[in-house]
Every structure is written in structure tokens, then in C-alpha cells.
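Chains A and B supply the protein sequences, listed in that same order. Numbering (the numbering used here) for the first sequence: 11 to 176. Numbering (the numbering used here) for the second sequence: 28 to 301.
Careful, some of the hints might be misleading.
Stated by the list, open to error - Rough simulated footprint, nothing fancy, chain B against chain A, three-plus residues with beta-carbon under 8 angstroms:
id	segment
1	36 to 48
2	72 to 83
3	88 to 95
4	98 to 112
5	125 to 137
These are calculated hints, taken from the structure and not from any lab test. None of these values were measured; they are calculated from a predicted model. The C-beta atom is built at its ideal place from N, Cα and C for all residues, glycine as well.
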Amino acid sequence: MNVSVQAAGSWRRILGTLALAVLLEQLPWSGWALVVRPDFVLVGVLFWALHQPARIGFATAFFLGLLADFQDGAVFGQHAIAYVIGVYLVLYLRLRLLQFDPPRQAAQMFPILLGVQLAVLLVGWLAVNPPAGLSMLIPVLGSTVLWYLVALFVRLWHGRGAQNRA
Amino acid sequence: MFARRLGPTARLMIWLLAGLSCVVIDVRYQALDGLRSGFSLLLQPVREVMRVPTDITAELTGFFTRHRLLQKERDALLAEQAQLLVRVNNASELTRENAELRALLRLRTRPGQQVVHAALLYQGHDWFAQRITLDQGGSAGLRTGLPVVDAYGLVGQVTQVYPGSSEVTLVSSPEQLTPVFVERTGQRGLAAGSGHGQMELRYMPAQTDLRPGDRLLTSGIDRVYPAGIPVATVTRVSRSQSSPYLRVDCLPQAGLDRSRGVLVLIAEPQVTVR
Numbered sequence: 011m012n013v014s015v016q017a018a019g020s021w022r023r024i025l026g027t028l029a030l031a032v033l034l035e036q037l038p039w040s041g042w043a044l045v046v047r048p049d050f051v052l053v054g055v056l057f058w059a060l061h062q063p064a065r066i067g068f069a070t071a072f073f074l075g076l077l078a079d080f081q082d083g084a085v086f087g088q089h090a091i092a093y094v095i096g097v098y099l100v101l102y103l104r105l106r107l108l109q110f111d112p113p114r115q116a117a118q119m120f121p122i123l124l125g126v127q128l129a130v131l132l133v134g135w136l137a138v139n140p141p142a143g144l145s146m147l148i149p150v151l152g153s154t155v156l157w158y159l160v161a162l163f164v165r166l167w168h169g170r171g172a173q174n175r176a
Numbered sequence: 028m029f030a031r032r033l034g035p036t037a038r039l040m041i042w043l044l045a046g047l048s049c050v051v052i053d054v055r056y057q058a059l060d061g062l063r064s065g066f067s068l069l070l071q072p073v074r075e076v077m078r079v080p081t082d083i084t085a086e087l088t089g090f091f092t093r094h095r096l097l098q099k100e101r102d103a104l105l106a107e108q109a110q111l112l113v114r115v116n117n118a119s120e121l122t123r124e125n126a127e128l129r130a131l132l133r134l135r136t137r138p139g140q141q142v143v144h145a146a147l148l149y150q151g152h153d154w155f156a157q158r159i160t161l162d163q164g165g166s167a168g169l170r171t172g173l174p175v176v177d178a179y180g181l182v183g184q185v186t187q188v189y190p191g192s193s194e195v196t197l198v199s200s201p202e203q204l205t206p207v208f209v210e211r212t213g214q215r216g217l218a219a220g221s222g223h224g225q226m227e228l229r230y231m232p233a234q235t236d237l238r239p240g241d242r243l244l245t246s247g248i249d250r251v252y253p254a255g256i257p258v259a260t261v262t263r264v265s266r267s268q269s270s271p272y273l274r275v276d277c278l279p280q281a282g283l284d285r286s287r288g289v290l291v292l293i294a295e296p297q298v299t300v301r
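For reference, chain B alone in the conformation it holds in the complex:
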């Protein structure tokens, strides 16, 4: 070994070089996925254990919820149930009609949706990419590219699968694109995450009919997301002199940083076009 220990500056340089090569290997060649799964295996049980205190706190606060509050909630739920029943009847009618029409057109029916329930395991800082970790992984049949939804809408897409856990990139993550259509007009478009838990609708010509409050649903045109999942609501539409496109700000519908339980939709395997 060295007769004399290297000075701190020399050692700093060596480690900086090691760090830079890590960055280059990861960004350019994506060659460090093995290290990622290693860390995942290491931290998975730790995270499972560290989730317990939060669960216990939630249990306790839930236990002491007031009786009145529960009653009020029950009344609201009953009212909602009545409304939903009407819509369910309507929907089953439509499903039947749809099946008949599809049979008439001899169209392939949509692949049966299989659902995996997953719970939020860990949430990292959202500085560069907005990701959450779920407690289900490859052993539950998850693959990269699958859509993830919660009770309110689209949460994101599975981007990294480990044996017992998986990472989901949220729809509000920068560079994450979602093909959508406007519910009111049927206009198709491309929604992109813009960070800060917001989204924007890109490349909408200036004369497009768009209003704040319009809902955006997945268009299903990409064969990744099933059609008709709520994605976002338009919050602001502004025109600029310099650009031929509208600037459309949207707010995601799903409780991206609130929901603790999500569903992963597993469709039939499809041919992926690269």
C-alpha cells in the first residue's frame, strides 16, 4: 500500500472520479440496475418494518374518530350509494348494448382487466423525478409499463420492478407523457407532467375550445392505458403572443401524495412496439 496516506484533496479527486463514472454509467448505459435491485432487496424488509409505527398511529387516530363524524359520513355514503346504484344500472345497460354492438362489428373485446392491489411503501424526494415505491413487485405479476390508478384517477406508470416492490413514476413527473382527450369536446392531446404536482396539456392550437374545469381522460390511443381513466382537470388556460399554442395548466385527479392504496391494472400481454 501507500507508504504515506494520500492527502484529502487527492482522495477527494479519486472519489469524485468514481462518482462521475457512476453517473455516466447510469445515465448513458443504464448498467446499474443490478445495484438498484440489490438496494431494493436490502431495504424492502426495513421499509416494511418502518411502516408499522405509522400504521399504528393511523389505527389509533381512526379509533378515536367521533361517533357523530361516523354517522355523518354514513349518511353521505348512503346518499352516494343511491346515486351510484342508478349509474351502475345505467352502466350495465350500456355494457350489454356495447357487447352487442361489438359483436355486430366483430371487434375484439378489450383485454380483461386483472387488478393487483398495492400499498404505498415509500416516497422519495420529488426533486428530479416524482416516484413512489409500492409493496408489490414482480412476484405479483407486475411488469414495467403497467398503469397504476387510485379511486380518483390515473396515478402513473410502473417504471422499475423488483421482486417484492416496484417503482411508479407519477403522471406529474416531468417528462412523463399521457395521451388524453377532453371529456367535453373529445379533442385529443398530450398531457405532460410539469413537476410541483402539476400537469400541462401540450400542443393545443390557440383556437381550441378549452375551459377551466374541463376533465381530461386517457384516450387509450397508446394501448398502454385503458381509455376513459380520469387524469386531470384543467385549472387555467392562457394564450401567449409568442407561441401558436395555448398554455393549459391542469391538476391531476388522483391523490398523488395522499392515497396510500392503489391498483395496478394488468392487461393481457401485448406486442410492444419499440
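Bound-form chain A, shown alone:
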């Protein structure tokens, strides 16, 4: 098992990846890149909620959700609520998700990511006004692809351990 490996320096790794995710979102995205841009922060939070549930949970998700609200000029709380729901879903399906290989795990994550985006849509709808079209569901695809790449990377990184466990 590589739990001990992960536990050592894990805080540094968690904060590093989350900071990287926030940085990536600050790039001046525009046009089509903005439309399909995966939600880096959401993927980061859900990833750590899956692998380190004792450390990253609702509070982190809530705070980073507020940050996402600021970025999109949205109402405060919109993304925060959605991210918290996402963390709950991941915790609920945790044991099941951990069993899958990267492509299947990404496929399982798709409905969760979609649910998070629908929560953003719903809260925004109730709080402010109807959003401009269903194009806001496109980033879910980007996020799913990003999840697949991350899961694949982790699998290759810890490849041997994972195979021995299986």
C-alpha cells in the first residue's frame, strides 16, 4: 500500500495542487477555451476529498466555492453550495469510486460533476435571473476529461503499487 507514502508530505502536495488549480483558473481564458475550460478547482477538491477525506472536506470546498463565485462575478454562495454538494456525493460514493480504473472512474465522475454544475445553475436561477443558455454544461465535459487525465497520471505514478493491490 502507498498510504504511508501519500501521508508523508501530503499537506504540501494537497495545497500545491489546489494552488496550481487556482492559478490555472486565473489565466486570461477567452473564447472557446473559456467555454470548454474544465473547472480545475472543483476537480482538485473532489480528487482530494476522494483520496484524503480526513483532510479535504466541506470547509475547503465551501471556501474555494466562494472564490469561484468571485471569479465569475456570480452571487456569493452559488458555487459554494454546488461544491459542497459535490464533496458529499464523492464521500457517499467513495468506496465504489476507488475500485474503478481511470476511464470508468471518470465515467462515474461525469454525473457528479454534472450534478454540481446543475446546482450552480439552479441556485443562480433562483437567486438572480435565468442564465444564458445551456452552454454552461459544456465545461462538465472538460472537467471529466481532466479527471481522467489526473486519475491516469496518479495510476502511472503509483502504478506498481496499484497493480500489486489489485
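For this one, chain A is given, so just place chain B on it according to the hints.
Positioned in the frame of chain A, the structure of chain B alone reads:
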């Protein structure tokens, strides 16, 4: 603390409650502007840094632009310059005449326009409100309500000012209203954003003379926008049986998602009517 950790469902409920109260406080009481400026202060330097890679890419691609292309562009620019010179002469003539007429009428001249150049710093998702962030803020003299233009027309209005940056609501944002008049006929109207980077002209009676291609300029009637800034072009006019008004779709003139540099027009402070 708790002897036993709360279950995930209980914790979910607590955080959902916190989120809902955030929404209510923000929408009903607008009490979270402090948090907004906090995030702005935190992210401003990060965004400045993250803009560098894009700038470098733009520099490099610009460097390798072909010589031929540059020559062609220069020829086109020279031709345009000649045309513009004619119009400038015309305009200066008109300005002089206008000044004389105004003096005759003893009208107050328009407040001198001071301009702040600002660059696009960040663009969020345009799902609920279409906003962009500029790299100039309160320290450059910006206030909420100021009009923002680019080389082609009206971009929007400053709606949120932080010390070093500011947020602009685009004219195509839903619920953003702009008083305009039709250049060809002088008919006044109200243009509203309709999302998707489009606008519509509202409350135009069915017999109004409107054609696709008509330009809409700011009417200046609101004392917020100076008169005569191009706003949009009419793309489609359709009549419906059920409504007494025309349905007029327009396309904003400004490069809302393309222009990287914009101008903020700072007029003399005026009495605002609330």
C-alpha cells in the same frame, strides 16, 4: 468539541445552510462587498502574473507575422488615414461651428472627457452576468457608473470598483439597459442585453421604421453615456401577432470578447438622481 464526528449528511446540511445564508445576504442586503474586495486584493497580483504567458505568446506570434501581410496592412491603413483626414477636417469645422452655436444659445458645453486606458485582465464565465475585469481601479479615478468604450463602440459600464481593478458589465449582459437612438431616423429607444453576446431593442411600436443594418448610437438622454457612441447594429426585425411591439435583434458593435484594450470615459462628477 463533539465526542463523535457528525455524519456527512449532517455536515452537508450545515454547509448548505451557510451557503444559502451567503446567497440571501448577498442578493437581499448586498452586504458582502467587503469579501469581494478581499478576494480582489488577493487575486489581483496573481492575475497580473498569469497574464504574462499570454502576452509573451502574442508577442512571439506578432513577431513572426509575415512581411507581406504588414505591407498590405500598411497600404490599407494609409488609404484609411486619407479618408479619415477628410473626415477630421470636416469634424473640426463642425466643432467650431458647434461652439459658435452653443455660445449663441448660451448652453453649457459638454463636460470635458478625460480618458483612462485600461487593459482586459480577466474574463469570467458569462452564464448569469456578462462581466470583464480591467486592470485599472479606484486609484486611477474610476467610479461605478462610468461608460467603457473600445475602438468600435460602447463596451459597457463600470459596476464594481476595487483599488487596483474594476468590473465592467457588458452591454450584452441581461438586464443591462442602454438608451439609444436610431442613426438613420433619430427614433429613440431602449436597448437591452439578451445574453449570448446579443442585444435587443425593446418597446418599438409595430409601425416603427427599422431595417436590418441600422446603427444604434447612445442618445445621451440618461447623462451617463455621452451621446453618439455606436452601440449596436440591427440584424433582424420581426413582427409578431401577439405583441404590439417589434422584435428587434441587434449585434453589439464593440468587440466584447475580442478587444483587449478599452477606454474608460471619466466625465465631470454630476449630481446623480436616485
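Verification of the hints:
Closer than 8 angstroms: that is the beta-carbon criterion, and the segment 36 to 48 of chain A has 7 residues meeting it against chain B, so the requirement of 3 holds. Three residues within the 8 angstroms Cβ limit are the bar, and the segment 72 to 83 of chain A against chain B gives 8, so the coverage statement holds. Residues of the segment 88 to 95 of chain A lying with their CB closer than 8 angstroms to a CB of chain B number 5, which satisfies the three-residue condition for coverage. Check on the segment 98 to 112 of chain A: 3 of its residues sit with their Cβ under 8 angstroms from a Cβ of chain B, so the three-residue criterion for coverage holds.
Counting residues of the segment 125 to 137 of chain A whose beta-carbon sits less than 8 angstroms from any beta-carbon of chain B gives 5, enough to reach three: the coverage restraint holds.
In this structure, none of the earlier numbered hints is contradicted; all agree with it.
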